[in-house]
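Please arrange chain B on chain D, whose structure you already have, making use of the hints.
Each protein sequence line maps, in turn, to chains D and B. Residue numbering for the first sequence follows the working numbering, beginning at 116 and increasing consecutively. Residue numbering for the second sequence follows the working numbering, beginning at 96 and increasing consecutively.
Do not take every clue at face value.
Stated by the list, open to error - Computed footprint of chain B on chain D; a stretch qualifies when at least three of its residues, placed anywhere within it, have a C-beta under 8 Å from a C-beta of chain B:
id	region
1	168 to 180
2	189 to 200
Stated by the list, open to error - Chain B is nowhere near these chain D residues, computed Cβ spacing over 10 Å in every case:
id	residue
3	130
4	144
5	185
6	227
I should point out that these hints are in silico values taken from the structure, not numbers from a laboratory. Backbone N, C-alpha and C define an ideal beta-carbon position, used for all residues, glycine too.
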Amino acid sequence: GENVEQHPSTLSVQEGDSAVIKCTYSDSASNYFPWYKQELGKRPQLIIDIRSNVGEKKDQRIAVTLNKTAKHFSLHITETQPEDSAVYFCAARALTGNQFYFGTGTSLTVIP
Amino acid sequence: NAGVTQTPKFQVLKTGQSMTLQCAQDMNHNSMYWYRQDPGMGLRLIYYSASEGTTDKGEVPNGYNVSRLNKREFSLRLESAAPSQTSVYFCASSEVGKQYFGPGTRLTVT
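Next up, chain D with everything else stripped away, as it sits in the complex:
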């Protein structure tokens, strides 16, 4: 089955700096890559996703890039704010399949 690895496990940045979280996957059949944000005590919420026919997608201060050849994808958060502090999960799925495979999460702290 698919194996998704996520790095780093913890990340601290100063407010206003950028944060980058990286994930790798193993199954070349995976073609959908969502990112979730989970605040303390809350449910994971989808913040951005990318399909394998696209190399980059942006939504305001967040962006995701995908390198299919190298089987890795990354989340970029620019101009970080304290409310960006949360745990972020990457995931992979084959659109023809049913299972989502999650990374182990990155705890991001934005220091005011």
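For chain B alone, coordinates are given in the frame of chain D:
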């Protein structure tokens, strides 16, 4: 439109007791999932249901059973709870890739 709902929010069980976690979605999604979340281990899939009438094991199915009662509802049952099942349980549903989570059930087994 409530999205994905779960009951109960919190539960404390003694070892050996049984209980059922309820999940419902009003988005007309075919696929539904049960995950458990433990510190440092991310989200691990227990069972999923690709459509009404079908269920499949995920990564950690031992000690659990599920029922896809209809398109809206997907329940998770612990027949004989063990301390190792202390966790936060999330139900989710998805369609065309996008997955949406319920608010979670925090279960403690003593």
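Hints not upheld, ascending by number: Of the numbered hints, 1, 2 do not hold.
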